[in-house]
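Enquirer: Residues per chain, in single letters:
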Amino acid sequence: MKFRKLIFANLFRKKVRLILTVGSFAIALVLFTFLAVVKSAFNRGVELAGADRLIVVDRVGLMNLMPISYADKIAAIPGVKAVTHDHWFGGVYQDEKNFFPQFVIDVENHRKVYPEFVVPDDQWNNYVKDRQGAIAGAKLAERFHWKVGDRIPIKTTLYGGAIWEFNLDGIYHTEKPDGDQGQFWLQWKYFDENVPSVIKSTAGWYILRLDNPDDAVRVAKAIDEKFANSPHETKTETESAFAAYFAKQFGNIEFLILSIGGVVFFTLLLVTGNTMAISVRERTSELGVLKAIGFTDRSVLFLVLAESLAIAFFGGVLGLALAILAIPGISAAVTGLLPPLLLSKPMLLLGLGFAIFVGAASGLLPGIGAMRMRVVNALRRA
Amino acid sequence: MAIPLTYNFRSVKARWTSAIVAVAGIAGTVGVFVAMLSLAKGFRATLVSSGSPDNALIVRGGATSEMTSGVGLDSVKIIQDAPGIARGPNGPLVTAEAVLMAPIPLRSTGTDANVEVRGVSPNVLEIRKGVRIVQGRMFTPGLAEIVVGKNANTTYSGLTLGNTIGLGTMQWKVVGVFDAGGSAFDSEVWGDPHLLTAAYNRPDTFFQSVTARLSSPEALTPLKDALTTDPRLNVDVTREIDYYAKQSTRMTTLITTLGGFVAFVMAIGAVFGALNTMYSAVADRGREIATMRALGFGGPSVVFSFLIEALLISFVGGLLGCLAVLRLNGVTTSTINFQTFSNLAFAFMITPSLLVEGVVFAMVMGVLGGFFPAVRAARLPVATALREL
Chain A
1 MKFRKLIFAN
11 LFRKKVRLIL
21 TVGSFAIALV
31 LFTFLAVVKS
41 AFNRGVELAG
51 ADRLIVVDRV
61 GLMNLMPISY
71 ADKIAAIPGV
81 KAVTHDHWFG
91 GVYQDEKNFF
101 PQFVIDVENH
111 RKVYPEFVVP
121 DDQWNNYVKD
131 RQGAIAGAKL
141 AERFHWKVGD
151 RIPIKTTLYG
161 GAIWEFNLDG
171 IYHTEKPDGD
181 QGQFWLQWKY
191 FDENVPSVIK
201 STAGWYILRL
211 DNPDDAVRVA
221 KAIDEKFANS
231 PHETKTETES
241 AFAAYFAKQF
251 GNIEFLILSI
261 GGVVFFTLLL
271 VTGNTMAISV
281 RERTSELGVL
291 KAIGFTDRSV
301 LFLVLAESLA
311 IAFFGGVLGL
321 ALAILAIPGI
331 SAAVTGLLPP
341 LLLSKPMLLL
351 GLGFAIFVGA
361 ASGLLPGIGA
371 MRMRVVNALR
381 RA
Chain B
1001 MAIPLTYNFR
1011 SVKARWTSAI
1021 VAVAGIAGTV
1031 GVFVAMLSLA
1041 KGFRATLVSS
1051 GSPDNALIVR
1061 GGATSEMTSG
1071 VGLDSVKIIQ
1081 DAPGIARGPN
1091 GPLVTAEAVL
1101 MAPIPLRSTG
1111 TDANVEVRGV
1121 SPNVLEIRKG
1131 VRIVQGRMFT
1141 PGLAEIVVGK
1151 NANTTYSGLT
1161 LGNTIGLGTM
1171 QWKVVGVFDA
1181 GGSAFDSEVW
1191 GDPHLLTAAY
1201 NRPDTFFQSV
1211 TARLSSPEAL
1221 TPLKDALTTD
1231 PRLNVDVTRE
1241 IDYYAKQSTR
1251 MTTLITTLGG
1261 FVAFVMAIGA
1271 VFGALNTMYS
1281 AVADRGREIA
1291 TMRALGFGGP
1301 SVVFSFLIEA
1311 LLISFVGGLL
1321 GCLAVLRLNG
1331 VTTSTINFQT
1341 FSNLAFAFMI
1351 TPSLLVEGVV
1361 FAMVMGVLGG
1371 FFPAVRAARL
1381 PVATALREL
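Taken in sequence, the protein lines are chains A and B.
In terms of our numbering, the first sequence has 81 at position 81, counting the first letter as 1, and numbering is strictly consecutive.
Here our numbering = 1-based position in the second sequence + 1000.
You may find that some hints are simply not true.
If you want a taste of the chain A side facing chain B, the calculated C-beta under 7 Å gives, among others [said to hold, decoys possible]:
| no. | residue |
| --- | --- |
| 1 | G23 |
| 2 | L31 |
| 3 | V60 |
| 4 | M63 |
| 5 | L65 |
| 6 | G261 |
| 7 | I327 |
| 8 | I330 |
Calculated directly from the structure, the hints in this document are not laboratory data.
No residue lacks a Cβ here, since even glycine has one placed at the ideal position from N, Cα and C.
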């Protein structure tokens, strides 16, 4: 690169402007990454939903419980590979602020339906044997510094206000790094022994796994027909539709944050691009001089472009680095309110792509202008 | 000696293009700042206004919200006779309520939202004084009739006067619309508790909460003491207004954290914009500044003058930002409330103090963006600057 010196000299001719422009790119990128992670967090449930899973709830409403006997009836329907059931425990650990979801799970079938949650076999076996056993997600255990063997008191809110104690027998991980590692599982048998009689022998909802995801519509229909006109009619949906039902209700909050942020992001990029374009136009006469002393049109364009791209690239990288530093802090601030905010590689690359695109566009337009301009006119401008 | 203010006005006028960029940047930031805070404020206000200081809310011991509570009919009977509860012509002013959830499609998207359905006692309007029927009439106890809040009426489909809608296993006729003064009740549907629990296959001797009108605001303590020490009961007693204030905490934390970060990032961007404007103003005016210095204006007056200019720009930006979002005041939107899992309609609430905060925020950005360029202006060597073309 024989023009390296020239490009650098141009870059640093106004140091303050350079810092501000690079800084503006960085800020735009921080904002972009932030919006991307918030959006993905709002929709995490939908992204993670298994295509081969269906959820069965009471048609009347989510809060209504169904008889436990439905499990065998659902399992008998052709196309169903495995069935398990969950309950929402809704307890409080130490303080209401420490919210995390607690599920009452059916240890016999849970692993068949949710293969993505991995528990070491020895831990799982201890858990199955231990009525008061519990398993926590890796992120959850990290949040409260729990380790296997700890005793965890949880105050129930739904079942009388007593404190239930659990032994942490194991910690589960997920295959995917963005999987939900924030759940707490207790055993249905222990739960069933201790709840008031109206809740005994019930399930909050059923989850079933299909032999073939293409069967979803047929199986869902078969289940709902089977329980039609019974005291507990059902509503069966795919897991992603079920998750979307919750995600959509955030509705306007998500929309407002994303739309405001999106507008800001693009304005910031446009303004920054404009500043860069102005700084090239200021130098039209200089570029004329370069052409007069024998630089080709192409090399003039190259000079201008290289400068803009360098600014955009450094600004972009700086912004992404800042975002990587800042996101964990924000994620901690909204723990329990949103799933963890996670950065993904495609997100980072997309952000950098935006920055470079704006850099290229803001260099290209004045650059082409300078390239086409006749030397005489360019020189006369001074 | 101070440099006259007209100088600043004229210089802004001369460099209006870069001034507009700075003004727009600051206006945008202040707009987002005010909008986010007003959203959080509106959400909180909606819930807080649902509670009255004259009412006590009684839920099962340990319950974090009505959704996780349960109070049996036997307990309700004991509560009705407790001290501190006001009495009306038909006995104690107590409403034992069954709170249920119905999936009803939103008008805007057509997707289901969780709507809170509340079975209330016939004397509920004497207990919740802020609620009044604005269309139609109150439901008749014993009939499958419902009344809907004014936000429920406009937010969900099928809740219009005279319409029939399926809730649980029964069909219900909408006979009235009530106005609860912008509180959370405006997003609810009310009906007869016995029929509602029957439609939801629930025992009709089991309620989620009991709301009692106190004989005076001070009567809470005797009522609380009587109920919490009664061995037959396991209940928590809170002032209704405190209960609702607590229900708003999670969502407001979420909005302020996310919105706050966006506003913070934008503020940095806007300060950069202001710095850019002011630095180019200083660079353009090297000779002017040197001339003033040569005339005898001191360094501090130059710094002061530039700061004034930055404040002028940021003040206009802040004012424009506030004006731009002022239209949002009162606009209704809705989201899910974490603590009850139900959908809640609420309005942006822009208060005068919020606007003042917005303008102050703008001025802080102006000072940050104006200070360094001002110092550079004051430090320009007079002789070389005068010699510049």
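Enquirer: Can we keep the A/G23 interface hint, with Cβ of chain B closer than 7 Å?
Expert: Hint holds; A/G23 Cβ to chain B Cβ min 5 Å, cut 7 Å.
Enquirer: Tell me if A/V60 is really an interface residue toward chain B, meaning its C-beta lies closer than 7 Å to one of theirs.
Expert: This hint holds: A/V60 lies near chain B, its Cβ roughly 5 Å from the closest one there, short of 7 Å.
Enquirer: Double-check A/L31 for me: the hint is only fine if its C-beta lies closer than 7 Å to a C-beta in chain B.
Expert: holds, 5 Å
Enquirer: Classify the hint on A/G261 as holds or violated, based on whether any CB of chain B lies nearer than 7 Å to its CB.
Expert: holds, 5 Å
Enquirer: When the nearest CB of chain B is found for A/I330, is that gap smaller than 7 Å?
Expert: Holds. Min distance 6 Å.
Enquirer: Just to be careful: measuring from the Cβ of A/L65 to every Cβ in chain B, is the smallest value less than 7 Å?
Expert: violated, 9 Å
Enquirer: Under 7 Å is the threshold here; is the Cβ of A/M63 close enough to any Cβ of chain B for the hint to stand?
Expert: holds, 6 Å
Enquirer: Tell me if the interface restraint on A/I327 is satisfied: Cβ within less than 7 Å of some Cβ in chain B.
Expert: Violated: closest Cβ of chain B sits about 10 Å from A/I327, beyond 7 Å.
In summary, the numbered hints that this structure violates are 5 and 7.
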